[in-house]
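Chemist: Could you put together the complete structure from these sequences and hints?
Chains as they are written, first to last, in the numbering used here: chain A, 1 to 292; chain B, 1 to 278.
Each hint should be verified, as a subset may be incorrect.
Said to hold, decoys possible - Computed from the model, here is a short list of chain B residues facing chain A with C-beta under 7 Å: (1) Ser25; (2) Ile26; (3) Leu77; (4) Phe80; (5) Ser149; (6) Leu249.
As the list claims (entries may be wrong) - List time: in silico DSSO-like cross-link candidates among lysine-lysine, alpha-carbon distance up to 30 Å: (7) Lys21/A - Lys194/B; (8) Lys106/B - Lys194/B; (9) Lys140/B - Lys111/A; (10) Lys106/B - Lys140/B; (11) Lys106/B - Lys21/A; (12) Lys105/B - Lys16/A; (13) Lys99/B - Lys194/B; (14) Lys116/A - Lys194/B; (15) Lys55/A - Lys72/A; (16) Lys116/A - Lys7/B; (17) Lys99/B - Lys16/A; (18) Lys12/A - Lys99/B; (19) Lys11/B - Lys111/A; (20) Lys116/A - Lys140/B; (21) Lys21/A - Lys11/B; (22) Lys116/A - Lys99/B; (23) Lys65/B - Lys11/B; (24) Lys60/B - Lys140/B; (25) Lys16/A - Lys65/B; (26) Lys106/B - Lys12/A; (27) Lys6/B - Lys111/A; (28) Lys105/B - Lys194/B; (29) Lys7/B - Lys21/A; (30) Lys6/B - Lys12/A.
Because the hints were derived from the structure by calculation, they are not lab data. We treat Cβ as the ideally placed atom computed from N, Cα and C, and that holds for glycine.
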Amino acid sequence: MINLIPIRSVSKNSMKSARIKTLIWIYIFLVPSIVIFLSFYLIPIITVVITSFTKWDGFNRPQFTGLSNFIKLFSSSIFYESLFNLLGWSVIAMTAHVGFGVLVAFVLYRKPFGWKFTRTVFMIPNVISIAAWAMIYKYFFRNDIGILNTFLRIFDSDIQINWFFEAPYAFWAITLTWLFYSVVVTLLVMGDLMAIPESVREGARIDGASAWQMAWYIDLPLCRNAIGVGIICSITARIAMYEVIYLTTNGSRQNNESSGNSRSLDNGRQLRIRKCCSCYNAYRGSFNTLGC
Amino acid sequence: MIYIIKKILGKVFMYSVLIFTIVVSIFPILWIIMSSFKTNGEIMRGPFTLPSSINFNAYKYLFEKYDFLTYTLNSVLVSFLPTFLSLVFFTMGAYVIAKYEFPGKKLFFALFTMTLLVPVHSRTQPIFSLIVNLDLYNTKTGLMLVYLSSGLAMSMFILKNTFQSIPAELNESANIDGAGFCRTFFSINLPLAKTGIITAGVLMFLTNWNEFYYANLLISSSNNRTLPVITILFNSMFNYNYTNTFAALVVVVIPGIIFYALAQRQVQESMISSSIKG
Numbered sequence: 001m002i003n004l005i006p007i008r009s010v011s012k013n014s015m016k017s018a019r020i021k022t023l024i025w026i027y028i029f030l031v032p033s034i035v036i037f038l039s040f041y042l043i044p045i046i047t048v049v050i051t052s053f054t055k056w057d058g059f060n061r062p063q064f065t066g067l068s069n070f071i072k073l074f075s076s077s078i079f080y081e082s083l084f085n086l087l088g089w090s091v092i093a094m095t096a097h098v099g100f101g102v103l104v105a106f107v108l109y110r111k112p113f114g115w116k117f118t119r120t121v122f123m124i125p126n127v128i129s130i131a132a133w134a135m136i137y138k139y140f141f142r143n144d145i146g147i148l149n150t151f152l153r154i155f156d157s158d159i160q161i162n163w164f165f166e167a168p169y170a171f172w173a174i175t176l177t178w179l180f181y182s183v184v185v186t187l188l189v190m191g192d193l194m195a196i197p198e199s200v201r202e203g204a205r206i207d208g209a210s211a212w213q214m215a216w217y218i219d220l221p222l223c224r225n226a227i228g229v230g231i232i233c234s235i236t237a238r239i240a241m242y243e244v245i246y247l248t249t250n251g252s253r254q255n256n257e258s259s260g261n262s263r264s265l266d267n268g269r270q271l272r273i274r275k276c277c278s279c280y281n282a283y284r285g286s287f288n289t290l291g292c
Numbered sequence: 001m002i003y004i005i006k007k008i009l010g011k012v013f014m015y016s017v018l019i020f021t022i023v024v025s026i027f028p029i030l031w032i033i034m035s036s037f038k039t040n041g042e043i044m045r046g047p048f049t050l051p052s053s054i055n056f057n058a059y060k061y062l063f064e065k066y067d068f069l070t071y072t073l074n075s076v077l078v079s080f081l082p083t084f085l086s087l088v089f090f091t092m093g094a095y096v097i098a099k100y101e102f103p104g105k106k107l108f109f110a111l112f113t114m115t116l117l118v119p120v121h122s123r124t125q126p127i128f129s130l131i132v133n134l135d136l137y138n139t140k141t142g143l144m145l146v147y148l149s150s151g152l153a154m155s156m157f158i159l160k161n162t163f164q165s166i167p168a169e170l171n172e173s174a175n176i177d178g179a180g181f182c183r184t185f186f187s188i189n190l191p192l193a194k195t196g197i198i199t200a201g202v203l204m205f206l207t208n209w210n211e212f213y214y215a216n217l218l219i220s221s222s223n224n225r226t227l228p229v230i231t232i233l234f235n236s237m238f239n240y241n242y243t244n245t246f247a248a249l250v251v252v253v254i255p256g257i258i259f260y261a262l263a264q265r266q267v268q269e270s271m272i273s274s275s276i277k278g
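Modeler: Here's what the structure looks like:
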């Protein structure tokens, strides 16, 4: 069978119809993604925004009530507690969490003995189910059989802290569940580090810089990009952190370790949908104020 | 002399960071594995003690009383199928966005990637209504539909970059040789994008396997349940039988670790790509 190569006629009409044919194929290829986007993202978001201005019990028609949900939200003390927690966690995320990730990246970059193993192991907390992780930590922090208290009782044998259920400790307990697990930041920074050309380091070495000076003055500024991305990711993850809070503390409000997300879902679970929607919107607002 | 001391201190510092990282990452997992072999009394006595004997009683009890096989199979189905379908859809979408110019291209890509900013949990109520209205509550199909959408932003991003790294000359020469649209896609671009597709696929698979929130929300009967949900079942039921709780946690955690061990490099690459938000 002869393979006929079609002769491309240069007439405008055939080029136009070829173009139209391509366009049709393009849109056909796009349709499934667009359908998914519309039904699972766009329409839900619009629904949430619109219903946040209404009073709705889920069955009858929603009644337009203007800004009353938002007023209720902004005058509730729990909202400000959540926001305060969120800000606190964001600050910790920006500094300690990302800082630890950068530190590990720099150490791993020098390739000491066992660095590959460390990198592999460091990822394990990120590949297991977040629910399982939260439960593990729930037992870690328990008063009776938890490891932390057993360890602390070596120093002071009267310690009886119920970490997840007492006021100031719960915040720190939750912080500890994510504080040292910054493998994403480490991977990003290591990628950036490996991209630094050797000539820069050679020059510094010739000028007599010590390893510490090289790390501080050369490597660190050149990793700015990765560190920035790491900070954004970290803060985003704090905002979306729901499973940990819900599973460890049952989202209990008295203990002021809720964050915007778990609060809105707490209410949502009781079918107070208007509050859920207004929380979501105010929470989107707080997200924007963090500068993302 | 001072130089040597400094060097030694430097090395000590480095290795202590290394050891700390390893301990902090692996210790919780080792702890629950060890504790799942101890008896209740041993657990109460002290967390650092080794178990006196390795008995699989807790696991035997779990597998007899609960249908773990069903849960695992459900998890496998609910992770694989949506990942595969998503890959098909998103590869097609990312290909046209990467390779062709058409009206609305920038708009669509911006919309797709902006979904990253939306927290998964805020869409709860509309998605719940949608699934209920489709009469898919408490079915695996409903859950799979939700999972289909969860990887949109990330996969689009990864796949678009993958296709963009395939040189445009290949497409042009295919065009000259007379290949149609589909032919160019299937025979030329798709095989070259394999690594990117695997990266996106691994990421989505892991996300779906470990997903807890919607699995808990949308499925209530025991024979449709997936694996992560069982962790909270044992929250109330096993309040005073810690061995079984730890055994259950181990069962939930181990598949993830095994998968990671098998597909290490892909997982690492997908972690990196998933954070680069263009």
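Chemist: Hint by hint, say whether it matches the structure.
Modeler: Hint check:
{"no.": "1", "hint": "Ser25", "in the structure": "holds, 5 Å"}
{"no.": "2", "hint": "Ile26", "in the structure": "holds, 5 Å"}
{"no.": "3", "hint": "Leu77", "in the structure": "violated, 17 Å"}
{"no.": "4", "hint": "Phe80", "in the structure": "violated, 16 Å"}
{"no.": "5", "hint": "Ser149", "in the structure": "holds, 4 Å"}
{"no.": "6", "hint": "Leu249", "in the structure": "holds, 6 Å"}
{"no.": "7", "hint": "Lys21/A - Lys194/B", "in the structure": "holds, 27 Å"}
{"no.": "8", "hint": "Lys106/B - Lys194/B", "in the structure": "holds, 25 Å"}
{"no.": "9", "hint": "Lys140/B - Lys111/A", "in the structure": "violated, 46 Å"}
{"no.": "10", "hint": "Lys106/B - Lys140/B", "in the structure": "violated, 35 Å"}
{"no.": "11", "hint": "Lys106/B - Lys21/A", "in the structure": "holds, 21 Å"}
{"no.": "12", "hint": "Lys105/B - Lys16/A", "in the structure": "holds, 19 Å"}
{"no.": "13", "hint": "Lys99/B - Lys194/B", "in the structure": "holds, 16 Å"}
{"no.": "14", "hint": "Lys116/A - Lys194/B", "in the structure": "holds, 25 Å"}
{"no.": "15", "hint": "Lys55/A - Lys72/A", "in the structure": "holds, 12 Å"}
{"no.": "16", "hint": "Lys116/A - Lys7/B", "in the structure": "holds, 22 Å"}
{"no.": "17", "hint": "Lys99/B - Lys16/A", "in the structure": "holds, 19 Å"}
{"no.": "18", "hint": "Lys12/A - Lys99/B", "in the structure": "holds, 23 Å"}
{"no.": "19", "hint": "Lys11/B - Lys111/A", "in the structure": "holds, 12 Å"}
{"no.": "20", "hint": "Lys116/A - Lys140/B", "in the structure": "violated, 39 Å"}
{"no.": "21", "hint": "Lys21/A - Lys11/B", "in the structure": "violated, 64 Å"}
{"no.": "22", "hint": "Lys116/A - Lys99/B", "in the structure": "violated, 37 Å"}
{"no.": "23", "hint": "Lys65/B - Lys11/B", "in the structure": "violated, 52 Å"}
{"no.": "24", "hint": "Lys60/B - Lys140/B", "in the structure": "holds, 27 Å"}
{"no.": "25", "hint": "Lys16/A - Lys65/B", "in the structure": "violated, 67 Å"}
{"no.": "26", "hint": "Lys106/B - Lys12/A", "in the structure": "holds, 27 Å"}
{"no.": "27", "hint": "Lys6/B - Lys111/A", "in the structure": "holds, 18 Å"}
{"no.": "28", "hint": "Lys105/B - Lys194/B", "in the structure": "holds, 24 Å"}
{"no.": "29", "hint": "Lys7/B - Lys21/A", "in the structure": "violated, 68 Å"}
{"no.": "30", "hint": "Lys6/B - Lys12/A", "in the structure": "violated, 76 Å"}
When held up to the earlier numbered hints, the structure conflicts with 3, 4, 9, 10, 20, 21, 22, 23, 25, 29 and 30 and fits the remainder.
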